[in-house]
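**Q** Spelled out from the first residue to the last, the chains are:
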Amino acid sequence: MPELSINLGVEIRNAELETHHFKVRLSLAFGFAALLSALLLARFAYLQVVRHEDLQTLAEANRISVVPVAPNRGIITDRNGVVLAHNYSAYTLEIQPREIEDIDGLIDRVSTLVEIGPRDRRRFKRLMEESKRVGSLPIRTRLSDEEIARFAAHHYRFPEVEINARLFRQYPQGELLSHVVGYISRINQRELDRLEANDDAANYRGTDYIGKTGLEQRYERLLHGSTGIEEVEVDSGGRAVRTLSHTPPVSGHNLVLNIDAGLQEVAYNAIGGRRGAVVAIDPTTGGVLAFVSKPGFDPNLFVDGIDPLNWNELNNSPDRPLLNRALSGTYPPGSTFKPFMALAALSLGRRTPEQAIQDPGFFSFGGRVYHDDKVGGHGVVDLYKSIVESCDTYYYVLANDLGIDAISRFMGSIGFGSRTGIDLAGEALGVLPSREWKQRRFKEKWYPGETISIGIGQGFNSYTPLQLASAIATLANDGVMYRPHVVDYVEDSRTTTRRPIEPKPVRTLDLDPRHIALIKQALIGVNQEGTGSRAFANAGYVSAGKTGTAQVIALKEGEKYVESKMKERFRDHALFVAYAPADRPRIALAVVVENAGFGSRHAAPVARKVLDYYLLGRAPAKTPLRVRKNDSDASGG
Amino acid sequence: MRPAVRQLTGYLTRHVDGLLLGLVLALMVAGLLILFSASNGNIARVSAQLANMVIALGIMWVFANIPPHFLVRFAFPVYLVGVLLLIAVALAGEVAHGARRWLDLGITRIQPSELMKIAVPLAMAWYFNRHEAGLRLWNYAVAVVMLLLPVALIARQPDLGTALLITASGFFVLFLAGLPWRIIGGSAIASLVAAPFAWSLLHDYQRQRILTLINPTQDPLGTGYHSIQSTIAVGSGGLLGKGWMSGTQTHLDFIPERTTDFVFAVFAEEFGLIGNIVLLLLLLLVVSRGLLIAAAAPSSFARLLAGAITLTFFTYVFVNMGMVSGILPVVGVPLPLISYGGTALVSICLGFGILMSIATHKKLIPT
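Those protein sequences? They're chains A and B, same order as listed.
When the letters of the first sequence are read in order and numbered with the working numbering, they come out as residues 600 to 1236.
When the letters of the second sequence are read in order and numbered with the working numbering, they come out as residues 172 to 538.
These aren't lab readings, by the way, just hints derived from the structure by calculation.
There may be inaccurate statements among the hints.
[Unchecked claim] In silico lysine to any residue, SDA-like type, Cα no more than 25 Å apart, as pairs:
1) A:K622 - B:L350
2) A:K622 - B:N300
3) A:K622 - B:I354
4) A:K984 - A:G1058
Given the sequences, and given the hints that come with them, work out the whole structure.
**A** Laid out in structure tokens, this is it:
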């Protein structure tokens, strides 16, 4: 069968050909597979060699979470160790509001376990509006043990609510030092932006609070400390697996003040039910011994966010408790200005001590009559008598003789109208009247008649109690002016090394010591035989002082000031500046009691109490000393 | 006794390809090691996989002992049953994770698409074997229909990964059966043209996967998460790896599906580039051995089947590693012999059993 054999041959050849074709294709497939494998290897090499480092970084970033550990804020104490600001640990109930839709419903349910008052709710609402930071916000602070136990048993129902132990700032002295110590409160968006701009944001990760006013604000950098870092390994769900490294936080520095809390309380109470300010300075260092602005407020209200009710009460009160009168309140100095006027006259050679005037009880200038307080006048008045009896006419004439330019220049050199540079923020400039000032302020030229009332500390004159205190302290210190400072030294909480705030002589006034001695002699006379003599009777030390009574409203010409006829808010402010002991002054002070009337009757007694306490350790009898109690608390805890 | 033992071992090993078995066992050991790490030392899971492996090896042995001519007879019936089951799934299948893949038979649930992974190349090899005397163009057309029918059914479930793998295995049969180059070139051009049309047929999640591949960072916590985290795992492994049980991406739960589809990310993180090279070499040795078996196969059927099985195995490897290392989209393809899971293991080992059968039966069966 040839046909068959041919077919067979074709078939065999076909089969061989087919196998060959198959093997070619198989080789091609293998080649392709090898190519793809090479591609894979190239990809591995790229990822594991070329990009290894940044992918390794990403893997580390995945697993390592950096948790900030907030430092303890520095403690503030007075010169005797009385605690003015400290921290305590307490449990708070916190809610993460961002994850919840029905906040009110949640709070209602939680409030069946833990008491949540309307005040807490209002405060929480306010925090929610203000806080831009993601995180939990406190709804209730200072939980009792019982409340903690009750909530813990039901915690599973409230995954968005947690109990945290937190450090809280407390101000044991309450309103007494509210204007000095200030307060901390939650960081707001503006402060956050500022922290970021200053590259401080990293150090505030984990910190919720920042100093808002007073020393808490001014010494924020020192008080805050350095945030610690805990590196925690986390899984993809964000759960901490273990701690990798721990850099402990460094507590903030402690502040020890020049302020004597006892003295502060004496001064605060001495003002009584009125509004006012007392600034007491150690003239030899500039250390601020007392810094009172009354009424104060309870700074503790602000720490967790003040609730709107309290805020409105403080903000809308006619007594303006939030105003720091000693630092930012400005008052006409009244007759406390006279010793400085007299000093100007001596220094500029426009008066001799013996040169006297015949005081008819008024001074006429430019068709206007300027009255003296004393009807009929003081008779023959020389420099000594002008201060001791506070003769207005003497200073009307003097002011007119000196002229506004000379007055302005001299008063400027004693620090009137410029900031003292105290370590508190928000210091007011006051008004030192001058031609330039008036031009700037009113776009008007200076009228010579306006100079007359400048001489008795009225007119445009307006200074802070701090400026007055600084001026009298400078005088007490024979013309060497120190920058007032509240903080005595900063203590490193770790090493306990003390870094004193060095007393800084701002300048030494170019004054003749004999002129200073003359003024000082007159100021001693004030308290011995003059307007301050009644307040300083039987003092047991020699003091120097000057009364002042500052008009709140200008009287019409010929109108007589009758205290009883004036509305309380329009009554005169009572002022007093003083220092003691007269020979080696240890304390100088300025007292302003708003709308109290005569300085001799209402401000000088305040000064007397302060000086008595400071020099003799004599506390006014009737006021129980809260300071003492806290003193023992502090040493006990 | 000794002759009896020798007889028994002889019987047991007669149809076993020693080299292939050795490679498979080596890969399985590697799989168990990395599973132990990936599962955070979960002994239960490792034991379960070990049991899967024993079963798979048993099936491999069984199929190694089935002569190819016997398989030929069952090729088309198995294929038919598979297609019917797929139709049944389409009509009455169970829905899980948004896909209709399972069929509840009362006693057990089965996934017919898994069966088709072997049934399709088997049936196509059978078809070409039948018509090997004179292949005409329309024979290829019929084979393509045989391929596309189940692929279409599976793609509709939807199960893109399996559909692609079956398409690949079918294409390998066509290619090895001598599909003319002009057709290959023509369909390549045609598929490029049809790509926009195909895009419109894809499900949203499938499109998303492809878009994610192009730019994984556009949705780092959503669809891009798998890709980004596995790429980080691979890259952070570096040259030598972080060491067994020490991969941070693995043990802190950043790698998704880390015992199954993404197990290679764990391997790459802990054993580094060196480990990857060794693993890839082992897998390529398997491929080489399979292709050699195919080259030496006695019949057209055996050649095509062996070639398709081997190349499909490689496709698994490439798609999985490409997906983990971020050069291919995320498709549900396990790394053969390494990923946890019994079904894939069984179907892979079944294929190796067929390879062994082809390798060891050639002298016994005259064509």
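**Q** Please flag the earlier hints that this structure goes against, numbers listed from lowest up.
**A** When the structure is compared with the hints, none of them turns out to be violated.
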